[in-house]
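*Asks:* Here is what each chain is made of, one letter per residue.
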Amino acid sequence: MIRTLLVRGLLVGLLAGLVAGGFAFLAGEPHIDSAIALEEAAAAAASGDGASAPHSHDAGAPAEHHHGEGAVVGRPVQRAGLFLATGLYGVAVGGVFALAFAGLRGRVGPRSEPLLAIAAAATAFGAIVLIPFLKYPANPPAVGDPETITARTLLYVVMVAVGLASVAIGVAAARRVTVQEVWARGLVGGVCFLVPVVAAWVLLPTVDEVPSGFPASLLWDFRVASLGTQLVFWAAFGALFALAGERAKARVG
Amino acid sequence: MSGLSTSANPIPLHRLARWLLAVPVLMLLAYLVLMDNGAISQTGTFLHELMHDGRHLLGVPCH
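So the protein lines, in turn, are chains R and U. Under the UniProt record's numbering, think of the first position of the first sequence as 1, with each following residue one higher. Under the UniProt record's numbering, think of the first position of the second sequence as 1, with each following residue one higher.
Just chain R, with the same shape it has in the complex:
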């Protein structure tokens, strides 16, 4: 049973990751190319000649990297790497999702398995994507100082943890309310969920490393494409995980 769920999560995660990769390729890659063109133009202008365009922060930076010539991995491979990244991301989160699903099943949430799969996928999107995104939104290349990557990554991980913990607190609180009215349980759960989320949004440091002059429309378009990629992933994952479960049930009879 658990093995079946885990394998289902890994495979469905891979599939949903490739679907999200397809969306990201169509909706996001043009914005990445635009941002890299701006980054290289700025670097070329800063160095005085266009021959070798070093990253303006490259000297001694731990996350030193390049996009153009001289990069360890060229742009065509990076575009293919998009599918590798979204596919492997899907495998990793799909496996963890499946084990969480195995634990929740019959204990928390809808009694119907397909409904639980969809509700859990929607909750995961909110907890590990939307809540971190609203505090630390995705950035295209050319935005973000490589010197602060470690701190920003840590803050991002903290927001993911806050999202997951807040959902757990909200659900646990709603289950402890003894009144039968659904609205009262929802209200208590909602408040207990929102308090830690809003506290983290307010208390954690703000990150704003958008270079002056970076086009606002490009930043917006990139962020919508990034959020869309995650939305496509979790929608596809929830639907396919539910569907795979129903198909397996139908086969067994």
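Among these hints, one or two may not hold up.
Just the calculated beta-carbon pair ranges, DEER-fashion [stated by the list, open to error]: (1) P12/U <-> D145/R: 46 to 52 Å; (2) G190/R <-> P12/U: 29 to 35 Å; (3) R175/R <-> F46/U: 43 to 49 Å; (4) P10/U <-> V7/R: 17 to 23 Å; (5) T4/R <-> H14/U: 17 to 23 Å; (6) A17/U <-> T206/R: 39 to 45 Å; (7) S41/U <-> A184/R: 48 to 54 Å; (8) P10/U <-> S212/R: 51 to 57 Å.
So these bits of chain R aren't anywhere near chain U, every CB distance computed over 10 Å [unchecked claim]: (9) L11; (10) A122; (11) G190.
Hint data in this document are derived by calculation from the structure and do not stem from the laboratory. Just so you know, even glycine gets a beta-carbon here, dropped at the ideal spot from N, CA and C.
Since chain R is already given, all that's left is putting chain U on it; use the hints.
*Replies:* For chain U alone, coordinates are given in the frame of chain R:
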């Protein structure tokens, strides 16, 4: 809702426990895909650059 299957009994937690050993492995995979800049993989910026577009579009801080 009649066509939808419902879950019967919860899976006992002691049966789930040993499967949770997979979680650190999966988290390591997620770390290598989303965040590694050489610290654990010891490949320098190779993973960073290979996963570059995916990191940006999945919304993780990249650089």
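*Asks:* Checked against the structure, which of the hints given earlier come out wrong?
*Replies:* Of the numbered hints given earlier, the structure breaks none, since each of them holds.
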